[in-house]
Amino acid sequence: MAEATGAALVPVDILMVGVGGQGIILASKILAHAARTAGYDIKVSEIHGMAQRGGSVVTQVRLGERVYSPLIPEGEADIILAFEQLEALRWLEYVKGGGTIIVNSQVIYPVPVLAGMAQYPENIIAHLSRRAHTLVVDALDKALECGNARAANVVLLGSLARRMPIPLSYWLSAIEDCVPARYLEVNRAAFQSGYALC
Amino acid sequence: MKELMTGNEAIARGAYEHGVTVGVGYPGTPSTEILENFARYPGIKAQWAPNEKVALEVGMGASLAGARVLVTMKHVGVNVAADPLMTAAYTGVNGGLVLVSADDPGMHSSQNEQDNRFYARFARVPMFEPSDSQEALDMVGLALQVSEEFDLPVILRTTTRVAHSQSMVELKERNEVPLRPYRKDTKKWLMVPAFGRLRRQALEERLQKLKAYTETTPVNFISWGDRRVGVITSGISYQYVREVLPGASILKLGMTFPLPEGLIRQFAAGVERLLVVEELDPYIEEFVRGLGLEVTGKKIFPAWNEFTPGLVRRKLKEAGVPVPSPGDGEGTDACLPGADGQLEELPPVPGRPPVLCPGCPHRGVFYVLRKLKLVVTGDIGCYTLGGLPPMEGMDSCVCMGASIGMAHGCELADSSLARRTVAVIGDSTFFHSGITGLIHMVYNGGHGTVIILDNRTTAMTGHQDHPGTGKTLMGEPAPAVDLEALVRALGVGRVRVVDPLDIAGLTQAIQEEAAAGAPSVIIARRPCALLQRENRPPVRVDGETCTGCKTCLKLSCPAISVQDKKAAVDAIICTGCGLCVQVCKFGALKEGGENNG
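Top line first, the protein sequences correspond to chains A and B. When you line the first sequence up against the UniProt record's numbering, it's residues 1 to 198, in that order. When you line the second sequence up against the UniProt record's numbering, it's residues 1 to 597, in that order.
Bound-form chain A, shown alone (with noise of 0.2 Å):
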């Protein structure tokens, strides 16, 4: 099953964050799939069950030798993949020093947003970009160039893609593994539309 790749594991924390609905579990899903490939002992963990309600979600998968703990230390997650502006904010001190995140444009306002009871915050990208390396990536109109809207999720796992230590192939064929078959044109090119961004 594992190819072996000849390079050592590096250890590798990302935090996948969003909102229900948004497809960070098939994210985080294919992510597991290529890293097992890769040999490397997972440990991935979900907060869901109020998810599908339009809650934040959270996604940590941890990569590694051997993996004990299925959380990521806070100031310890090397690649924060956010799904949406504001959760990037709200997960944000999870990001290690040096570490990098990846920003889905998309902005989603909370209900105490649209309610008129809060208030979202302003310069969220530039706030981001003071703490980390960020990358922006707007997953939602390369989506829909690729003929579907709900495969951001996968335009953003290209971009994590390219920054981590596992073989292209690996995450196609990961993919395959994850997504039915009529969606799976659509996904693969969401995917390398993502990976071709710097």
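These are computed hints drawn from the structure, not numbers from a lab. For clarity, every value in this text was computed on a predicted model and none was experimentally measured. Note that the Cβ used here is the ideal one computed from N, Cα and C, for glycine as well. Do not rely on the hints blindly, as some may be mistaken.
What the hints assert, rightly or not - With the C-beta cut set under 7 Å, the calculated list includes, among others, these residues of chain A facing chain B:
no.	residue
1	LYS43
2	GLY55
3	VAL58
4	PRO73
5	ALA115
6	PRO121
7	SER169
Position chain B relative to chain A; hints supplied.
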């Protein structure tokens, strides 16, 4: 073969591999996926019960008849099942019986965070606590073996971080376990006082044997390291300790009732300083202290909320335990300097609370209840979200089934509340434990009004079937309970069915029934918006007539906002349910906008 599995998937797999043929439970986060996964394996029978008490009783019957059994529930569900559980230790088992208690430290989706390790001690049944998916799978097998060997039901206690975390597990073939022959044995199974006393004594003998077992079970083990600090730990905390203190001596307890006195003494004697790291209550710590050993636990670690590796590291440091820095030594704290070396104030981050979905049929009920200024005793389910601002259409929520009894209690305390109080309860919750509350109200001459929010499913936990849906957990057709006929049979004379998306009809029904002075049941019936998507075009806003009055915002609908002093509807998420159209006094919200396809 190795697979990445959640703790819940691994428990289902463990039950399958170790010959369990009967699985029964009630859905509850974080336990729900165990039975959903178990139901997919061949050669088994999986069932949803209307509540956890029934689930355990069915499980005890199956065990009596010789089958290996898995019973699943969340921590608060064990409270419901506590009645049969307390006697289950007396009767013991025939086929092995494992009761899963999925606890929720941090209350990710629960009303409390009780520590169910005390149930094992209370009921005198063995308990295992896995700390990852592999252990979860293996411990199901071990627990079944212990159950049969010691003639006791066994509790497998997980927490959210074990139940919903994925890690690698090694899969094996199913080991078919034949039914143990049924033998009539009234002294063991018929708990009249005379026989109960005998079994009580037998229980002590079985517990004595277990105490010897817990000293040698492979799931309780010491890994010696640096002897300056020794940590006793269990469950998910074990993983945090391994990560934060890689060199420390650790006593890992996989079996936490009974606790191994000898092993603990041996470990304590081998280290300079003894710590207990455990989430929630000082369950292990108090036992260790009871042995006369000096130990530190809750003096440094909190007795509430979920632990994290960061918290464990911080608290150990505070207690003066040398803790190695993580990784490259960077980013050891939450406060990181930015690229320019400066710490910067971040803007406040608004919460993103869960809300009733766009198109949710419950929304109309809570809007009307709020408008009528009624006292609303509520219950457990999606609709509990109707109590959050800005909706705030519910006054109380305690546990499954409490709404009806509490409404009746309000009436008893203050008769003037009788015509101003209504109970709201979901269909699944009504079957769980609302029926008995309603019987009580009718029998005792109450005048209350109960609104059954009937969305034809158990929505909050992910659309599980129940006795009213006409389908079983294994996907087979089943007779559906006729709610109207049922509540009439309980003695309710006034029963009516309304469409919760019809605000005028709903308002009239609630006003009439609350004022009726007789027990009444309103069934607000419409399928869950996620279950049955109705193909209606989204609502559109007439900018000319919209005054920006914000009345529509009181619906707390994620599709509606007010931008530039005019209402705005997000056409992608709007389901066209039409509630806002009825709420708008100016006719500015109109049905039939551009289709959202």
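Now the hints, each set against the structure:
1. LYS43: holds, 5 Å
2. GLY55: Holds. Min distance 4 Å.
3. VAL58: With a closest approach of 11 Å, the VAL58(A) hint is violated.
4. PRO73: holds, 4 Å
5. ALA115: holds, 5 Å
6. PRO121: holds, 4 Å
7. SER169: Cβ of SER169(A) sits 19 Å from chain B, so the hint is violated.
Violated hints for the displayed structure, listed by number in ascending order: 3 and 7.
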